[in-house]
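A.B. asks: What follows is each chain in one-letter form.
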Amino acid sequence: SQTIHQWPATLVQPVGSPLSLECTVEGTSNPNLYWYRQAAGRGLQLLFYSVGIGQISSEVPQNLSASRPQDRQFILSSKKLLLSDSGFYLCAWSVLAGRVNEQFFGPGTRLTVL
Amino acid sequence: GENVEQHPSTLSVQEGDSAVIKCTYSDSASNYFPWYKQELGKRPQLIIDIRSNVGEKKDQRIAVTLNKTAKHFSLHITETQPEDSAVYFCAASGDYKLSFGAGTTVTVRA
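Protein chains in written order, with this note's numbering: chain A, 1 to 114; chain B, 1 to 110.
Extracted from the complex, chain B is given alone in its bound form (with noise of 0.2 Å):
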């Protein structure tokens, strides 16, 4: 089955400064990369997601990009904002299951 690490596990950063979380996966048929946000307490959210004939996409401050050949994805945010502070997984699929990473703890420092 897909396995999805991601890295790193927390990450710190200064507002206004950019966050970049990676992932990689193993499954080649999997076709479709979801990021998701979860706030304390709260169910994830999706926030951006990419399909596997797409190498980058972007909306506002959050960009995703996919690299194929060799099974990684990213996400990153620009000029973060202190309600960026949230924990972020990365998740692949080609069937009807996600695979999910393990989870980025971001914490956005005023």
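Pulled out of the complex, with its shape left as it was, chain A reads as follows (with noise of 0.2 Å):
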């Protein structure tokens, strides 16, 4: 069965510093893998995704980089991070089967920016 992993859980970082989460699934083949947001309270917005190794799509401008150096691997980043990327931020996988696309979540990872 398919699993999907994400660290760390929990981050405290200071404005101005940098960010690298990663997020890796087991068990499957060439997935597609995306990065959401979730601000306290609020709903999910996508921020990137990839269909493949080195395949990049940003939904949103920001000061968030994200990248896919193996199959399974999809790693967000940024250089100098904001109050305002505080969240929760969840990876996803998703594997296009007759172009239904079943999304499942890891456990994300809760970021406080001070």
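Keep in mind the hints are simulated off the structure, nothing from the lab.
As the structure is a computational prediction, the values presented were derived from the model and not from experiment.
Treat the hints with care, as some may be off.
[Unchecked claim] The calculated DMTMM-like cross-link candidates involving lysine to aspartate or glutamate, where the alpha carbons are at most 20 Å apart (straight line), are: (1) B:42 / A:22; (2) B:68 / B:2; (3) B:97 / A:71; (4) B:42 / B:2.
With the hints as a guide, bring the two chains together.
C.D. replies: Put into structure tokens, the structure is as follows:
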């Protein structure tokens, strides 16, 4: 069965510091991978998605970037964090089968920028 | 792109009563409509989904209906229980991306 991991689970960072969040998927090949952000009490904002190694699509222009160095690894980064970057970061995976995009979320990373 | 609207934003029901959440979508090419439940501090969990070739789907106390002509779909929870209290998100997809509604906070009163 498929498993998705995210780390760290929680993170407290000062404004202006760098960020690196990692997501890995087990038990599937060539998944579509996604990064979402959820501000406190809010909905799910799609940040990036990737349909293959090295292929990144950005949904919202901001100070974040994403990379996919391996088939089942997805990394979210920032060179300088802003206060507004605080939130719950969720990685998700899917395998597009017959144009059905069934997505499953990882456990998330709760980021607080101070 | 796809735009999904979800109503109501909050819903309070008495235990044992039914809860209904409604969503509309804009892109007629969307063909997959999942519903997620998110408990406080946890990840969203897929609870039920429906595909565009089906009008209704049921799983125990949960059912989803889809009206492709009107471009709206609904989640129905019957015989609500305290553990149904959570935030529920609808979504629509026609390609690689899911477009989510803003969420409905459901509170089941004992």
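A.B. asks: All hints are to be evaluated individually against the structure, with a verdict given for each.
C.D. replies: Okay, the hints, checked on the actual structure:
A hinted pair counts as satisfied when its Cα atoms are at most 20 Å apart, and residue 42 of chain B with residue 22 of chain A qualifies at roughly 18 Å. The suggested pairing of residue 68 of chain B with residue 2 of chain B holds, with an alpha-carbon distance near 14 Å, which does not exceed 20 Å. Distance restraint check for residue 97 of chain B and residue 71 of chain A: the Cα-Cα separation of roughly 18 Å lies within the 20 Å cut-off, and the hinted pair is therefore satisfied. Taken as a hint, the residue 42 of chain B and residue 2 of chain B pair is broken in the structure, with Cα atoms around 26 Å apart against an allowance of 20 Å.
Against the hints set out earlier in the document, a violation occurs for number 4 only.
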